[in-house]
Amino acid sequence: MALIVRIFPNLKPAETENFVQLLTANQSRLYAYIRSLLPDSQSVQDVLQETNLVLWRRSEEFESGTNFVAWACKVAYYQVLAYYRDNKRDSMVFNVELVSMLAKQNEEKLAGSPDMQRVLSGCLAKLPEESRRLIQERYAPGGSVQSIAEKQGRSVGAVSQMLYRIRQSLQECVQKSLAREQGE
Amino acid sequence: MNQNLPPSNQEQRNPEEIISAFIDGLLTDEESQAFLKRLESDESARELYLEMMNTHSLLQWEEGQTEPLPDLFQTPVEANVLKPAPDPANESARKQLLFTRYALVATLAACLFLSVLLVMESQPIQAEARLDSGDGVPAAMIIEEHNAVWEKTGWTQDVSKPLVPGWLKLKSGRTLIDFLGGTTIALQGPAELGINSDNRAYLKSGRLAVVGTSRNQNFTLTTANLAIVSQSANFGLLVNPDEETELHVFEGSVQVSPSKSRPGEDIDQQPASVEPLVVEAGQAMILDSQGQLQAEQVADASQFPARNQFTVADPPGDIPAIDFAAHEVLPYSFQDGQFDLPTHHQIIEQGKGIRLWGNAWKKVEVNKEITPNTVIEFDFRCSHEGQIHGFGFDSDDQYGPSNYVFQIYGYEDRPGIGQHFNTYTGTGWKRFRIRVGRYLTGKQRYLHFIADEDVIARAESQFRNVRIYEAPTQP
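Those protein sequence lines, which keep their order, are chains E and V. My numbering puts the first residue of the first sequence at 1, with every later residue one more than the last. My numbering puts the first residue of the second sequence at 1, with every later residue one more than the last.
The following block holds chain V by itself, in its conformation from the complex:
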């Protein structure tokens, strides 16, 4: 690669020449190391590097190496004509124009895409038609069941696995389902539920309640005659065999629109869309099979399954909490104090708790076999929100994409970090009891706790009364 290069002795090459070769990837490893050392110690070298690198970057931008911008506007004939060397000034103006056009087209495309999304979110939805288990992408998972009896048919899916878009038929009992978009619903049998995606479902019949919601994503629930869009609302929905619908809102508010189409009907025959109706907390409405309002009532939560009916049972007997004072608290993987940011911890409450702050990921050795019924319970509080607050297990000290992290608070919503329990509201202690075995199993050596803030290292997390146990069987 470096044959026929100019003299490699840096003493004989001026700094500009070295930087130019660095930019072109023509320095040997030895030259690169010497160059980097110089950059670290010499401000004027950095200044020169930045000047040349900025010019290099702007040339890349100028000459279109960064984006395939112009092709969008070239006809095939134009593209095949060998053009004379253009005047750079005109060329620059042309590229700026093209970029502006490109940006405009991209913006319009984004607007169109968002329009479609908004229409889908706010207007009636043809839910059934969207059910498609063909792609196999998990959209939800069952996290609790109580006497649940499922009907397995050719068109329902296997409930023992992560749920993909498709149908569920619950004959009796009740179950708690986490949608990966962050919404949790309690479904009570008999019921037929279609899972459209990680933030969308279709209730064909039966009774359910939305008992946990994402702060970041809307959740859309449709029936044969209604489309209900919710953000951070808890509500109950009943569809009886006559397709009469009852909607009871317990917290927050939802937007209700008539469904655009009913299964099997022609979309074009449906009435024009109307302004969504906002149903507030405490209100209930009953609609007939045509989506016409029949009655308004006071919301009645007792008619619907509630989250506390699914609460994982108390620990069997007296399960001791982790005594942090008896454990060595160690940095976890590369995450702890990453980017040389501060990381601290402190044992609190006579060893029953731990406080982390800065950009801290701390682990303790627990050596637990996680089974599908393993539960972790703890209290959490936070005085300063960072990017990610939570915990996770690991069999070694190597954090990676395969390590499941449970986020319980924090402003960042990163792919790969579980959001189902991101429910802390920022005040006081809150108890979490999570059946972690639904998300990961196997021998886990470490339990780690997180107060992550890569920006200015000011996250703070407190955990106490941390217990890990096997959930007793519930009736």
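Chain E extracted, bound-state conformation:
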């Protein structure tokens, strides 16, 4: 603990522990936030790591009791901008204005929602076996629509349609679950 206190010189041990918990618990949300702004990039993990570093460095700026995700998203936003800066605008899928609009909307969305990862896990469990397998293949490391199509002897379009329907089904399930939780 003494060591961690040295890393977070301005935080008390309990605050440090709390901060580490928040940082760890919200990794998937931060990943989703960054991914939404860098849809075509292979560098999402790098930007997430840089964001984590900045969050650690600025840990004393976070006010306990305020919305951690909202604060972390703001930090992540500037890391995304820095990524675009360093990689030139030519490589941008989205323009700066669109990034800004998406960042604002997604910050509100992610900061205001309960644990979506948990909800999504529950929805995945409700999928038919074949759909679950398709999702697992698509999201396994190196997985793609093309590779699944090749493996299954189907057309890319057919696999794409199947994935679209499964995602739609998951989307509906997530929204219903969230609405149910918020209504409780």
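It is possible that some hints are incorrect.
Derived pair list, reagent style DSS-like, types lysine-lysine, alpha-carbon separation capped at 30 Å [stated by the list, open to error]: (1) V/LYS37 x E/LYS74; (2) V/LYS352 x V/LYS204; (3) V/LYS204 x V/LYS171; (4) E/LYS104 x V/LYS37; (5) E/LYS151 x E/LYS74; (6) E/LYS151 x E/LYS126.
Hints in this document: simulated from the structure, not taken from any laboratory.
We have chain E; now place chain V onto it with these hints.
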């Protein structure tokens, strides 16, 4: 790539279908452009995109595409067994557990790494053993010399190039050395100095002074019997031929520990580590060859080389300052106003100065041939700190990693931005005189000035009395 795709006419595809195809990289260029236009203009389309993209990202996270997390905890046998399709809920819990374990392992690894660093920083250091010029990574550079005579042997390095970890032997004269970690030392011959890294050195014999320090990195200086850790301290150190050591602290404070090992001795035979001794500004201590305190004194800066002894000479004759009113001040590269942030400049002091604010990188055409002796001199002040305040030269208008930028102020410490002169303290005018030719040479068309703040564009920089000249030879 797009063969066998569903109908490409977006009129026939609902928005979810288009987003799903976008996520899978299956839209044609034309479809992508239409989709992006829709995103820009339609808030509900953005809302839908974010919902689907977040689900996609969480699935990536859930299914482990983002990190090779589980392998850390799998035995080889487990890894080779073909597993039945797991229940996603259990799978999720397992992955969360694995992630937690992974995070724990990563944290422990980081703690271990930091522990090692802290031990290295705060405890005695076996400096000589760490000298290794094999990797050739520059650690320091000589920026000024006065009558310096170097001894070139098989074990010393070529001082005309950036210094890599290795030995320097200064027979006489004095020299100013910038460590790339941000510390500057003045070395006075005769002296033998080992460069361990960009923030660590070993004084075998002779006299030196730490005359400039990094705000961000500690600097560790070791001798045969001492390890001195400094952050933002200026101090002098003398090691005489009998390995008696004198330490004089002029500004700040340093932590002193006995060296764990002396060259050639067995580490295990050394005494146990002790709490570091803090030596404050104004204090001096003399230690014998065993590291035992012999006497305490008042620090005496006159015994050591000082930075002002290395000050680049005044301009030869009357070198006119740049008249900004007579120059066109233009945006520099893509940096000026980047991210559509505000960028402004104003000519001040009847053309003798320029003020920048916002997220501003402004250039003027100077067309200078930078030689190893070229110096730039200017006054700088700042009323609002941004990420980077500084300047740089460029032969064209294309900023890139090869362009050397001199940072003189600012809270950001980015790789590739020179930190050696990042010494402004945030109050009033400060004069900088920098031998830029030690860092870059050749024909430079532009000189640019920086008030960089990519976050909220509130940086402010003022430069005045900017002169570029060839340094006269000094005795």
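Each hint, compared with the structure:
Straight-line distance between C-alpha atoms of V/LYS37 and E/LYS74 comes to about 25 Å, which keeps the hinted pair within the 30 Å bound. With a C-alpha separation of about 48 Å, the suggested pair V/LYS352 and V/LYS204 falls outside the 30 Å cut-off, and the hint is violated. Simply put, V/LYS204 and V/LYS171 have alpha-carbon atoms about 13 Å apart, close enough for the 30 Å limit, and the pair holds. Between the alpha carbons of E/LYS104 and V/LYS37 the distance comes to roughly 18 Å, so the proposed pair stays at or under 30 Å and holds.
The hinted pair formed by E/LYS151 and E/LYS74 fails the criterion: a straight-line CA distance of about 41 Å is larger than 30 Å. Between E/LYS151 and E/LYS126 the CA atoms are separated by roughly 25 Å; this keeps the pair inside 30 Å, and the hint holds.
This entry does not satisfy hints 2, 5, going by the numbered hints stated previously.
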